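Chemist: Sequence:
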Amino acid sequence: MKTRLTGALAATLAAAILVAAPVAVAKDEKPVATTMTTVYVSGHGGSEIARELTELHGKMEQQGWKFADMEVHTENGDTKGAWVTYTK
Numbered sequence: 002m003k004t005r006l007t008g009a010l011a012a013t014l015a016a017a018i019l020v021a022a023p024v025a026v027a028k029d030e031k032p033v034a035t036t037m038t039t040v041y042v043s044g045h046g047g048s049e050i051a052r053e054l055t056e057l058h059g060k061m062e063q064q065g066w067k068f069a070d071m072e073v074h075t076e077n078g079d080t081k082g083a084w085v086t087y088t089k
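Numbered per this note's numbering, the sequence shown spans residues 2 to 89.
Honestly, the hints are just simulated from the structure, not real lab data.
Please note: incorrect hints may appear among the correct ones.
Stated by the list, open to error - Each computed EDC-like pair below joins lysine to aspartate or glutamate, with the alpha-carbon atoms no more than 20 Å apart:
(1) Lys-81 to Asp-70
(2) Lys-81 to Glu-53
(3) Lys-89 to Asp-70
This one's a predicted model, so the numbers in the text were calculated from it and none came from an experiment.
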């Protein structure tokens, strides 16, 4: 009985620490990005969309934007474009 109680107490304590630690860190941190924008790049796959994305990255970087995420848009297996999200 004592071993089971000790194990349950240890598991509860570990869970409480894992849950509380991220909350404590999150309170002290300031938001990294205050502004976000998402740009849609139209293209039909291949090197054209790659070239357009490369040019977009260069332009956005010059304006102070940082790349955050990209999702490719496909329909029926064909690449239609990509949504690119930047933060500032």
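Chemist: If you test the structure against every hint from before, which numbers come out violated?
Modeler: Hint check: nothing fails, all pass.
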